[in-house]
Amino acid sequence: MEQAIIKGCIKHKRESQKRLYKLHYAYGMSITLRYSNSRDEAAQLFNDAFMKVFTNIKTYDTSKPFKPWLRKIIVNTSINHFHKTNTKKIRLQNLELKTDGIRIEETITSGMAYDEIIEMVQKLTPAYRTVFNLYVIEGYKHREIADMLGISIGSSKSNLAKAKQNLQTMLEHNLLNK
Amino acid sequence: MAPNKHNEPLEQFFRDKTSEFDIPFNEADWDAMEQRLDEAQNAAFFSWNTIPMRMRYAAAAVLLFVLAGLGFVIYQNFYRINKLESQLSQQQIAQNEGNSGMNQKNSSNTKTENNFNGDINHNTPLIASQKNQTNGKKVSPSLSTSNDDQQNNTFRGTTLFSASEADMDFPYKITAIKASTKMVNPSKLETNLKASNLYVPTVTNGSKRNETNYRGITNKTYKETSALSLGIMAGPDLSTVGSLSQFYTPGYKIGALAEYNFNGKFSISTGVIYSNVNYTANGSQYNAPSGNWKYGITPLQTEAACAILSIPLRFKFNFAQLNSSRFYMTAGVSSYIMLNETYAFDYKQQDTSHLLKSWSGHTGTKHWLSNLTFSLGYEFDLNETIGLRIEPYLNIPVKRVGRANVKLFSTGTLISINYHFN
Chain A
8 MEQAIIKGCI KHKRESQKRL YKLHYAYGMS ITLRYSNSRD EAAQLFNDAF
58 MKVFTNIKTY DTSKPFKPWL RKIIVNTSIN HFHKTNTKKI RLQNLELKTD
108 GIRIEETITS GMAYDEIIEM VQKLTPAYRT VFNLYVIEGY KHREIADMLG
158 ISIGSSKSNL AKAKQNLQTM LEHNLLNK
Chain G
7 MAPNKHNEPL EQFFRDKTSE FDIPFNEADW DAMEQRLDEA QNAAFFSWNT
57 IPMRMRYAAA AVLLFVLAGL GFVIYQNFYR INKLESQLSQ QQIAQNEGNS
107 GMNQKNSSNT KTENNFNGDI NHNTPLIASQ KNQTNGKKVS PSLSTSNDDQ
157 QNNTFRGTTL FSASEADMDF PYKITAIKAS TKMVNPSKLE TNLKASNLYV
207 PTVTNGSKRN ETNYRGITNK TYKETSALSL GIMAGPDLST VGSLSQFYTP
257 GYKIGALAEY NFNGKFSIST GVIYSNVNYT ANGSQYNAPS GNWKYGITPL
307 QTEAACAILS IPLRFKFNFA QLNSSRFYMT AGVSSYIMLN ETYAFDYKQQ
357 DTSHLLKSWS GHTGTKHWLS NLTFSLGYEF DLNETIGLRI EPYLNIPVKR
407 VGRANVKLFS TGTLISINYH FN
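Chains A and G supply the protein sequences, listed in that same order.
For our numbering, count along the first sequence from 1 and bump the result up by 7.
For our numbering, count along the second sequence from 1 and bump the result up by 6.
Isolated chain G (complex conformation) (with noise of 0.2 angstroms):
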């Protein structure tokens, strides 16, 4: 604004008087400010700008902390109940292989069982079982009960609990099988033992299973034991620098991702991710750098498409996992790099032809470790080495980005196919 040099008696009459103001003050004006300020107050109560940085990193921190705490608690019941699953499972197949298998007679078993242990079911299989041991040896005992077997409820010197009572900790062996008589026809036992695939296979940490022959003990599958695998992923982006309610067109993603799986539970990941994002963004949203506007007019609305370059480092948990499939959480860290900016302005003024309308360029500005990243997904395996996931995430600002200076948000969700490496 340049000092009026116009002295024209008209002017700086109206000048002077102006100048001379004595206006009271009125509460009246002041309660209605109040007003206004308690109203504002409350209505930014949820909003995210007006949490200071550290509430912010608390609240991602407690979040954080509540979602591994009970992503931990279901993952202990899924384990739970597959092992109880599991113990019931091997009770009923030896239950059917001493049903079908032997050639019984009734005889007074039931003195014998009882005596074991009062609580057992009659039907209860008995088995030994010896920790520790695994070598994958086919059980083929010979079986000749003797007197004192049979009267100390052991076989061969080995005692024996209840397949509900035996330590069904992997691995272990099966030594012997005592079905219901004291009369036990070898061969028909191995019969039976193979067609029951009641015996323990080879196990080395690192190695595949032999699923087929082994049910039900554990919920484990291959993709656990796989240290490595690749990614591509694909989705929407919704975008928006001011409250999540304000979103404009969406855009996109799509990239490579990279992961190291620890210990089947928990993995690390980085990769590359292109994005095009899409927000508008109000006068005060819009940070131009210094002497971007002409005459101090800033625009009412500012409509921005930006490609941007994301490097993401998160950590991933898997939480609960199913037979085939399993959910899982994720949080981290992404660095963005601002490759194209497009901006187009909107003013109020109907005469905008001496005004900056739109700015466009490859800014190339680097913002390491600018948005939080969280999220949580579902994998399914398609096969042994493949898995499909479908994963919502958010992205949260801690720092500004672009030639806009702008505390960028971005949700979305990413579909993605997973090649694990054995």
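Here chain A stands alone, though its shape is the one from the complex (with noise of 0.2 angstroms):
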């Protein structure tokens, strides 16, 4: 069925369209609401990387599945986001990288909603909420991080690192006001 919309799109049929942008709109959204600071801005994303999608229906090569294809879009639209709208040289931080002594409290947090984690997320500075979602969520290493949003190894190590301490400090906090 999925095919069909998109020999649809390829034409240029509008309600083909609709139909690929409803199909995946929660996968979507559920992306770029991670790399914004608010729902707003990540409608806005969103239909960026859909616009990118339209345009470039043609190229996408129908044997391999859309998702994945649709994701690196998304991501590669929100990576040329973050570079728009944080032009400042993202400063290396000398932080010790912490691997060890994250504690989960695994029974209260399984009931945190997911609009929760994403507020969380979106709490972060851009630079951090960005090296954390392609490190953890996307599963990028730290030298293809670095390449894509044009900083050093170590800085993006950092900002990982700082990232899940802010994100431990908010789960924590949560815990307590529950």
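Simulated from the structure, these hints should not be mistaken for laboratory data.
Residues from chain G shown here face chain A by an in silico Cβ test under 7 angstroms; the list is partial:
#1 16
#2 17
#3 29
#4 36
#5 42
Built from N, CA and C at the ideal position, the CB exists for glycine as well.
Work from the hints to combine the two standalone chains into their complex.
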């Protein structure tokens, strides 16, 4: 069914475009929400990404699954947005990388809603948030993240550490309030 | 992207939680999307890249047809105007000779002329015409008008016509001139004929005409009888791979063309043109070979400088012929051979130490019939054999060329000097 919709999009049929948009709306928004400061910004980011999807739909290889292709476009769009809105050079923060000692109270945090988690991520600074998303959620290596964002590997590692520290702090604060 | 092997609780927690999304569809977001699609559609209406290939061919064919039709109409009008001008000039010449070369008495020839053809002007010279006789002899009749001739408006039995009614199609032979009176001095008539140059030279296809003795009947010049010509050309070049408003640093073209003229109107030409082409391309326009980009990072912009050898094959049509110049149009196809290609890549990242910054090489790839070529031109004859041309052109891609697989548009103006072999 998706192939038929994509064929319609190639022919610039509006109905097919809307169907494709609706089909991947939740998935795409779940990505852009993590890279943006607010829901409105996430929606705009999502539309930016889908504009690229519709413009370049002819280059999509129909023999491969659509979701990874869409995900790549959305992530790249988010990174471009990050570059546009964060022109200041990300400063290297010489923090010790803490990979241990971050505890999670599973019994309590498991009850946390998706929206709460997203809200926490959105509270991070753009640099921390982007590195966290690329490393933890998307699965990129620090070297790749450094190239994509135009930063050093050290900055990527330190930003990740800082992001995790901040998230840890927010989680503990959330636990205390419940 | 490598699979994330980190199993830290925090990381795992966020990975799991962010996958539990349940986001309801928001119609307002689609409305905003639809508005953007409408705007993009309107903006792309005149964009070449959104037009299907078949429509491009159809548009090119229609444009060519319209230009050809326009050229034909212009040419017909020019021919008609020249024909009328030649008739008028002949009338005037004969009139002048008749007034200056004769000892005339006012006679009542008006009656005769009027009887001949009621709408003929009093001063219209009368000449006899016979078609298809090209002996090239000077006319030196011995005039002695008989009474029969006078009454029947004939001379030696040959019916006389007014100059405006005579069949002026070339070639023709003047067999007699009736001035205005019965009394005609043959020797003076001969003198006047010489002075008026009203005799017919011998003409065969392909030879030069002696234009000093033959004026005004036709607008043809030497060049239409020349079959082969060679020319060298040069001019600036503007190239782009996107819209026609995204031109970069001008390049240049230089080359040579050989042209064969069929019948004075149509000709065919080919040759070799060396082009120095400069253009810019954004990430989506530069289609690099697989694996070209490190870490999947594509450049924001690419600056290209290429040396290309193009081999055009064109048809030329002269649609408006003037005294010593003409307007023409050409249409054809060009094949490209890539000689050298140099690309410089510009990234948005600040740290580009690990990225490909440039590429240069001699590729030698051949792209046969890759571009359509159109032009409108003006040629001016400097002398019998040498002509000067100025020719704005437009090259439209039908295939992608080069290492970057781009659709290369080019425009500019070529100035050429052509030598016509007789």
